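On the provided structure of chain A, position chain B as indicated by the hints.
Number of protein chains: 2
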Amino acid sequence: MRVAVLGTGLIGGSILTRLLRSGIDATGWDPDPGTVSYAREHAIPFAERLPDAVDGRDVVFLAGPLSLLPDTLAEVVKHADTGCVVTDVGSVKAPIAEYARDNGWAHRFVPGHPMAGTERSGLAAADPDLFVGAAWVLCPQPGVPLDPFRRLSGLVTTALGAKVVPLAPRTHDAIVALSSHIPHLLAGSLAGAVARSALREGVLSLAAGSFRDGTRVAGTPSVRTVDMLVNNRDAIGESLRLVQAFLAELAEALAGDDVAALTGAFDEARGVRRELFERSTRTSTDRFPRDAAAEEYEFLVKLGADGGHLTGCAVDGSTVSYTAARPVTG
Amino acid sequence: MRVAVLGTGLIGGSILTRLLRSGIDATGWDPDPGTVSYAREHAIPFAERLPDAVDGRDVVFLAGPLSLLPDTLAEVVKHADTGCVVTDVGSVKAPIAEYARDNGWAHRFVPGHPMAGTERSGLAAADPDLFVGAAWVLCPQPGVPLDPFRRLSGLVTTALGAKVVPLAPRTHDAIVALSSHIPHLLAGSLAGAVARSALREGVLSLAAGSFRDGTRVAGTPSVRTVDMLVNNRDAIGESLRLVQAFLAELAEALAGDDVAALTGAFDEARGVRRELFERSTRTSTDRFPRDAAAEEYEFLVKLGADGGHLTGCAVDGSTVSYTAARPVTG
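In order, the protein sequence lines correspond to chains A and B.
Going by this note's numbering, the first sequence opens with residue 1, and the numbers climb by one from there.
Going by this note's numbering, the second sequence opens with residue 1, and the numbers climb by one from there.
Excised from the complex, chain A in its bound form:
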């Protein structure tokens, strides 16, 4: 398999270096001259021009900024082979999925989103182990052949070591609003309120674990945070109201010295926190005839919405086999 990674910052760079370490023929491309120099100095295969990077490739990862994604996708589709599968790593999935579908590219574009990162950025911060054990969302597209999804699922689970979570784009966007975007809004609000407070210096001096953890993602470059938020505005707005309501409930119980209500609410919260670490899964192998796309599609998006993931995908003649893990609840 021959792969190209376009945009080699933290995420793209980590994909590229991991693929190379796995012995896969992979090349990078990035418009930033500093990144190009860095790649050359470190003997990372790099193409001069985007058309050269995608020429003859089986899979192309789009890992540039969210705002440039539609234009880059259009350019890749123009230059890549017709059999080339294209995916992206953007943090919001419905807009790009719709864009691809509207342009008739749904049969070769699989929206994706690896759930890993750090507050650092750039190719120099790339880490080939960044995705090991992490969730990696891939969105199978309804009503089109699922071959591109299967090829990527195989590559992501084997070469990159991630768990593939299959989700419909809108479900993904609603989930990441809660799991990732609202944490950025909360961290920003905590750090921002301190920035404006007369107690600023004292808070910085007494800040221990809870403040450090609660503000960590406020260290992300603001442009990247805002880019992510505005692209998922509606899903964030909806879930943010739930979080604000919970906070208001806590504030009211606190103002009224209602210890029972406070304890009950924190117990609810603690249950979710514990399950982050104590969740057990059961594994199954699910097989589909290669041409029963509708049934396979329904299986996939239900698996992801139920909190499950794929650890493998293989196509053997006319049969598709998925290894799936589902959480065991209650």
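Honestly, the hints are just simulated from the structure, not real lab data.
Treat the numbers as computed from the prediction; the structure is a model and nothing was measured.
Using N, Cα and C, we set each Cβ at its ideal position, and we do this for glycine too.
Where hints are given, some of them may not hold.
As the list claims (entries may be wrong) - Just so you have them, the derived chain B footprint on chain A, three or more residues with Cβ under 8 Å:
hint	stretch
1	104–117
2	129–139
3	203–210
4	258–269
Stated by the list, open to error - The following label-pair restraints were derived from C-beta to C-beta distances:
hint	chain 1	residue 1	chain 2	residue 2	range
5	B	Pro31	A	Glu278	29 to 37 Å
6	A	Glu98	B	Arg241	35 to 43 Å
7	B	Arg241	A	Gly23	54 to 62 Å
Below, chain B without anything else, positioned relative to chain A:
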């Protein structure tokens, strides 16, 4: 110096094991039979009864639950030598400071609060290095001799390896509302909203760094969290409104696609986050005549409110010397 630690959970146990490792004559006491057994099995010096624990001690640390603090303080004062200095490690300072003052114990009680901890609990989780480099608030009491504060400052900076932050009790309570208590409310609101959401399983499945960090302190036992919050109700309410206002400002800018306002607000937040790690300090030695308590008191509480701390305290004849570090601001 002979020391007793009453209540040997995570904090008290960490103090006790650190003191013992530093070669100080220290003993523990705890009402929990399981803790007593653990101490015996691990050859940690432990007293059967509270009066035995405090008998002949120069310093007593009160490290039990916040709600038991006033009664324990009263019992300690009854049994300890008159020259014995008593301090506590509770997360709220104004109520216990007032209680001690109202009972005429301000000359021997120094409210304290080490800014360290983990979500684990119990003597088995004790870590002698827990306080190394951490901030440790001590509240000098106005209008009384400062000898108890000086003795504790020396012990905490040398034997325990912490930075002493001198603060008036109400200033401490306002600061920790922002630096510690509101992070617990935000983490609880995020995890709690997910607990009630139809997207719960998907969120657990996609939860990456931002969700893990943003909910970490929601793993704290609820009773401990609520105990801490209700004891600092008013200071929390005041600062929580600032955080909620900042969050509402972000939500409004997001709903209105106001990228400039969002970026500006996140830049403010990021400034505070960066300063957590990039703050530089300048060090000075400040000397006071031993009996000029008012001047020394003003120096101390201003130092703490300005974000500074003490790294040492020595009394030499009639002179008190403090080594102080102050943040250098831009």
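Structure-inconsistent hints, enumerated in ascending order:
none
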